[in-house]
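Student: The residues making up each chain are set out below.
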Amino acid sequence: MKFLSLIFKNVFRKKTRTILTIGSIILPLLIICIMGSFLKALDAPDPAETRGMFRIVTRHKVGFTNDLPISYVERIRQLDGALAVTTFDWFGGTYIDNSARNFFARFAVEPETFLQVFDDAKVTRGSIDDWMSDRAGALVGEDLMKKYGWRMGDQIVLVGDIYPVALQLTIRTVYGVSYGGSDGLFFNRKYLEEALPSFEGTVGTIWTKCRDAEAANRLSDEIDRIFENSPYPTITESEKAFQMGFVSMLGNVKLLITSLGIIIVLVIILIAANTMALSARERVREIAVLRTLGFTRRMILVLILGESLTLALIGGFLGLGGFILGLKPFKASLMDTPISGFASAIMLFPEVLLVGLGVTVLVGLLSGLGPAIRASQRPITEGLRHMG
Amino acid sequence: MNNPLIRVEKIVKKYHRGAEELTVLNGLNLNIEDGEFIALMGPSGSGKTTLLNLIAGIDRPTSGHVFVRTDDISSMSESGLAEWRSRHIGFIFQTYNLIPVLTAYENVELPLLLTPLGGAERRKHVEIALYIVGLADRMSHYPSQLSGGQEQRVAIARAIVTDPTLLIADEPTGDLDAKSAEEVLVLLERLNIEFKKTIVMVTHDPKAAARARRLVRLEKGILIEENHMDGHSSSGLTDGINVSGISAKSE
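If you read the sequences in order, they're chains A and B.
First residue of the first sequence? That's 10 in this note's numbering, and the numbers climb one at a time after it.
First residue of the second sequence? That's 3 in this note's numbering, and the numbers climb one at a time after it.
Because the hints were derived from the structure by calculation, they are not lab data.
Don't be surprised by glycine CBs; every beta carbon is placed ideally from N, CA and C.
Be careful, since some hints might not be right.
Claimed, not checked - Far from chain A, some chain B residues (derived; all Cβ distances over 10 Å): (1) PRO45; (2) SER81; (3) LEU116; (4) MET141.
Stated by the list, open to error - In silico DSS-like cross-links for lysine-lysine, where the CA-CA straight-line distance does not exceed 27 Å: (5) LYS18/A to LYS126/B; (6) LYS199/A to LYS49/A; (7) LYS337/A to LYS155/A; (8) LYS340/A to LYS249/A; (9) LYS126/B to LYS11/A; (10) LYS198/B to LYS181/B.
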């Protein structure tokens, strides 16, 4: 403890350099924490599954853009363990403009079965009957209503971008969920079929609510086996795996993020090591004087490692503090982007904070090790002769 | 002369510069008595600083032995030697070598951090050491706020604060103006006479050497002359005070 003052005074010997080095630790650490949280969010358990809702998604084996015959819905409904089945068709279209801010989920669904499968969503305004009774009616999430200041009965126009049609929808029902975001817009697939006859007889994805985990696992295999040799083979997977499929379209995101994280850690170590090397080199003579006074090689090693660790910990704690304070506004800023779904899963994971702290200690120790060993091993007489 | 404090026996020190071997000290013998004030003089490269470093335990001889009392410091381990230095040696350098980020108080306290003394005891020792060198009112000053002479006096306070067996001074007045040099020499003389400190000083300055009780001249690593000086100046010594066990007695 009595050497702490010496360590602190040496750390802040060159204030500008120290502040810049601390800054060079804070910012990359923030990025590491954000990337770590993103990775954790990707690995987070399926929120629906943890609430006892075992949903599986069936799509064309080739990809999202290939449709399946609507007859598959009935075949799946007959299977043991399938409690409810519904369909999803992506319409897309433009609302206001094509900016990320005005991007939200817009799907044609079956109103009759939609909330049977997604029974974790609760109607908060209007009713299912209101929605079903108007073919151009829309079911809208509370968050989306709030974002655009919409009211019940408002008309929403989606101008087709893939398809040459504009859909004029009326808000009839509003839903909310107790977790995550309620930012989707759903409308009757019959309305879409009327506007675009090409949608008749086909379906984009089929969503099945299963009785339990065992049924979900079994049905995933069974469904794919049934349609294996048909002209429209399927892939059936959990809701979570299905969502991950969108992320994996970007490539091996986890590997990319992990690799970037490692590179960032190495860069911080090099920056901090450079500072420590400069600091130790400037003090060759002083260190020799300390050794003449009786400081052992081990003490010099500990003092210099203590300095690098102090430097890293100051940067680390400021970085982690900044991350904790900045997480909420950061998440809020992502809510208007296409990755809002993943952003909502980002939270303050204790594991990420521990990794951040681990990185800090690693940076502190590794950056100081080389300079500390060199300084402690240099002969005293050589150090005393050092000019500089 | 029966029980010398320091006994240098057949000391040889060789350095290698590339393929060339340089013999800096060549079988030198020297005894230093307890309480002596000895000046080592000689031309550059004569081996005086090397001899000083060997006596202080910051360098090791190629062969031969250095005994301080009964300790053969040339055979001690690295950490044992560091611990020995902290207890027995006080260093005074030509360029003061104070730590610039520490105040005068903190610089003097440094060697005490290696002792088991508590904060209050350390404070007492530091205050007395700074009082002896006449800088009790400069405790919170940083080296950059002190004159050269004051810096050297802080360095002397740092050297004496642990009450070492031996004070090693390497050109202690080499960087000072005449007035400051005189103050430092008076202080060293006082430490020798009043506090019975044994001092080994390397100097080029005949005036500084004249303050010592014995003058040893080296040339090419060999001791060529030893003079016991007479009538070194006394400096108006004060009444007895006790500093870290340093007993001050009037001559």
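Student: Taking the hints in turn, state whether each one holds.
Tutor: Hint-by-hint comparison with the structure:
no., hint, result
1, PRO45, "holds (18 Å)"
2, SER81, "violated (5 Å)"
3, LEU116, "violated (5 Å)"
4, MET141, "holds (15 Å)"
5, LYS18/A to LYS126/B, "holds (23 Å)"
6, LYS199/A to LYS49/A, "violated (39 Å)"
7, LYS337/A to LYS155/A, "holds (19 Å)"
8, LYS340/A to LYS249/A, "holds (20 Å)"
9, LYS126/B to LYS11/A, "holds (16 Å)"
10, LYS198/B to LYS181/B, "holds (25 Å)"
Hint compliance for this structure: hints 2, 3, 6 are not met, and every other hint is.
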